[in-house]
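Enquirer: Build the complex: two chains, separate frames, hints provided.
Protein chains in written order, with the numbering used here: chain A, 91 to 337; chain V, 20 to 217.
Derived from the structure by calculation, the hints contain no laboratory data. Remember, it's a predicted structure, so these values are computed and weren't measured experimentally. The C-beta atom is built at its ideal place from N, Cα and C for all residues, glycine as well. Wrong hints could be hidden among the right ones.
[To be verified] A few chain A positions that, by computed beta-carbon distances, are all more than 10 Å from chain V:
hint	residue
1	Ala145
2	Arg153
3	Ser328
[Stated by the list, open to error] Short derived list, chain V residues pointing at chain A, Cβ under 7 Å:
hint	residue
4	Ser49
5	Gln71
6	Leu75
7	Leu78
8	Leu177
9	Ile179
10	Pro180
11	Ser186
12	Arg192
13	Leu195
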Amino acid sequence: MNHPYELLADFVDGSLDESDLAGVQAHLDACPACREDVSHASAGRAAARSLPQVAAPRELHERVVVAAGSRGQGAADQGVPGWYRWAGVAAAAAVVVAIVIALPNVGDGGAGRNTHEDSQGTTAAGAEAADAVSGGEVEVRDENYDAEELEQLARAAGVDPAEQIAEAGATRTTRADPAAARCVRKAFDEQPVGTLTRLILATFEDRDAYIAVYLEGPGANEPPDTAAVWVAAKDDCSILSFASARI
Amino acid sequence: MEASDTDAQLVRRFQEGSADSFEVLVQRHSPRVYNLCLRILGDADEAADASQDTFLTVLRKLNTFRGDSAFTTWLHRVTVNACYDSLRGKRRRPLLQIVRDEDDERPETSLPAPDHADQVVFSVDVARALLEVPEEFRVVLVMADVQDLPYDEISRVLEIPVGTVKSRVFRGRAALGRALGGSRGEPSAASRASEEEA
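Chain V on its own, in the form it takes in the complex (with noise of 0.2 Å):
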């Protein structure tokens, strides 16, 4: 087994019996997944759950994955299902109460840490931001701007157009950008598009 090898290469040989090849697939993708979840998902813990049962589905699956698309391609589908279904656990709740709860018992714990410390206050002051931007743009936000995939990859991914990846991400962006700012004067055009569908 070689860490060189390519992600097909490993499929072939896991649907071929070995074990060993799915483990590197969870050591190679594992950062990736981890860290989409994450930022779509906003704590540590939900994200660890949700990268577990995305591994644990292309374990299930991956014996009859037949590689018309590719490995990660599939891969980023299962784990923003992961995330949707863990999503819909979480709306029982509203998830600005998430937040606050949050905020009174566990101020920054549910977040790793980084270095320096303004990086540290902005970083947590986006994440929590993040988690005020609607789920749908959310979505394609993280994709595409934390995880820097390309917009035709998460066109592929999502199964929509590219046109409708670029709108949301752009209504993302702004959604993500007023709640860092704060609102100011009349709702937006993206915003009052977004309430309209809603």
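Looking at chain A on its own, in the form it has when it is part of the complex (with noise of 0.2 Å):
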């Protein structure tokens, strides 16, 4: 027997014309099997159609960009227009994460400084480390970061800087690197003002690159809320990758 499905269908959402009815009524008048799909069919539509919409995740878009520019010097033969690059990281940065970033004034001795950290709710222990990064001071770490791991950096970004260079301990090394702060301003120039407090060198899926530590606050002396953490080539000074946390 051929079970007229395509009918089946309509029937179960109620619109079939009235010229096929009598020929599926009378189908499932003698079809049992089709009689019991249509009682599945008619709950399956209703329990389909009762699922609610979900909110996408937040950071969608600025995983479509980090994931683009990630794909570095291939991207434009993967078909991402190397504009593209640049200017959708910028995007990534000012709208879906809503963070600022204060390059101007890393490593320059602290002319340019940014003179809104107590309207940002950067702690002292955070102004402290700010200084000595900004002072062009490098955090040396003998580590590879991937993804995950600079998700965790932004979500330790949270904790006192006092009490991340206590944790360091004895492995942690810094020296200064006025290149460091020439390469990070480089790879992130003309962005808005915003808060640097760590500055580390290490390795990035096996590439050397600097890593940079950002918090920002919602002003009125309120405490910093979100941490961003951007990657650069240590070699061409491109953007590699990005991650962000609510702290």
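Expert: What follows is the structure in structure tokens.
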């Protein structure tokens, strides 16, 4: 027996043409399996239509931008327009993550340094760490970071910088590296102001990289509530990756 | 850049060098893309990954999109392909085993929580039951009844006849209803036909 599934879909929808109704009804009278299917299909239709629409992850655009940018020199070959790697990252930073970045003052000895730290709620320890970073000090870590570890770094940014430094203990090595400041400044040129709290020299997915950690608060002396971690390639200062976390 | 710009206008502006227009497209369509992926794949993380892959593909191909079909038709096609890619990866493990593993380890965490407890329980049941619907039926069922796409639009997206769309929707609905209510008596005509096709 042939079963008229196409017409049964309309039957369950209640949109079956009058001209087809009698034929479908006759089939159902003679076919118990289809009668049972219609019963199940009616229940299935109602159940599927009851499913709620779920909000998409807020960071979806940011993830797309980072994934496109992380393809590096091959991005153009993959079809992503070269200009998008830069403009898209700026868009992700400005709109999706709402993170503001203070790179013009990194490594310039304090000239042009962010004057909004208090209004952004930076702690005293955070200000001290920011002073060290803006003075050109880079934390050298013998680690090969990946995307997951970047997220951990962002989440850990909520911990007081002094505690982070203590946690790093004897393994923590710092050195003056004006090139780091220049490289990071080049990678994020023309970006707006924020508070840089850590600048790390390590590797990201086997590539030498500078990892910059920023804190952003809502203002009005409220404490920082978001951390952003940006990764720039050490050799050409291109943006390699990004992570953010509410802290 | 206006939020009221049409998709076609945004696509054209992207092709002229406006990065903002792509972001507007993502913001506008990410709920639809994500929900389609979520209901086909049944896992929030996998849905997020498939959504990311979808928009990455769109980003790579948008410069050469000619607009022969509507942007949304093309976007749905890319989304379904991303979901099939994800399912192919998942097929290395039995689908029902994945559901059981989730039952054991994280009963409801992979599905976002709606407002009311009863609705939560029912929605989780439905979402899990969807995973028991054969993939070729599940995809059209989700497009028709969750996304509320017209049959002719699904036909254009999947490039199959409208009659085939309706047939798969009916079988998918029957399979979902059966998965929710439990099998009673003899196998149905639709499930027998499904087994014969397999």
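Enquirer: Now tell me if each hint is right for this structure.
Expert: Hint by hint, here is what the structure shows:
A beta-carbon of chain V is positioned within 10 Å of the beta-carbon of A/Ala145; the least distance is around 7 Å. The claim that A/Arg153 lies off the interface is violated: its Cβ sits roughly 5 Å from the closest Cβ of chain V, which falls inside the 10 Å cut-off. No beta-carbon of chain V comes within 10 Å of the beta-carbon of A/Ser328; the shortest separation is about 16 Å. The beta carbon of V/Ser49 is positioned within 7 Å of a beta carbon in chain A (closest approach about 4 Å), and the interface hint is therefore held.
About 5 Å separates the beta-carbon of V/Gln71 from the nearest beta-carbon of chain A, less than 7 Å, and the hint is met. Nearest Cβ of chain A to the Cβ of V/Leu75: about 5 Å, under the 7 Å cut. The hint holds. Interface restraint check for V/Leu78: the shortest CB-CB distance to chain A comes to about 6 Å, inside 7 Å, so the restraint holds. Here the hint on V/Leu177 is broken, as its CB sits about 15 Å from the closest CB of chain A, past 7 Å.
Annotation: V/Ile179 was flagged as interfacial toward chain A, and the flag is violated, the nearest CB pair being 12 Å apart, outside 7 Å. Hint status for V/Pro180 relative to chain A: violated, with the closest Cβ pair at about 9 Å, above 7 Å. The closest approach between the C-beta of V/Ser186 and any C-beta of chain A is roughly 4 Å, which is under the 7 Å cut-off, so the hint is satisfied. For the restraint placing V/Arg192 at the interface with chain A, the shortest Cβ-Cβ distance is roughly 4 Å, inside the 7 Å limit, so the hint holds.
At about 3 Å, the closest approach between the beta carbon of V/Leu195 and any beta carbon in chain A falls short of 7 Å, and the interface hint on this residue holds.
Of the numbered hints listed earlier, those contradicted by the structure are 1, 2, 8, 9, 10.
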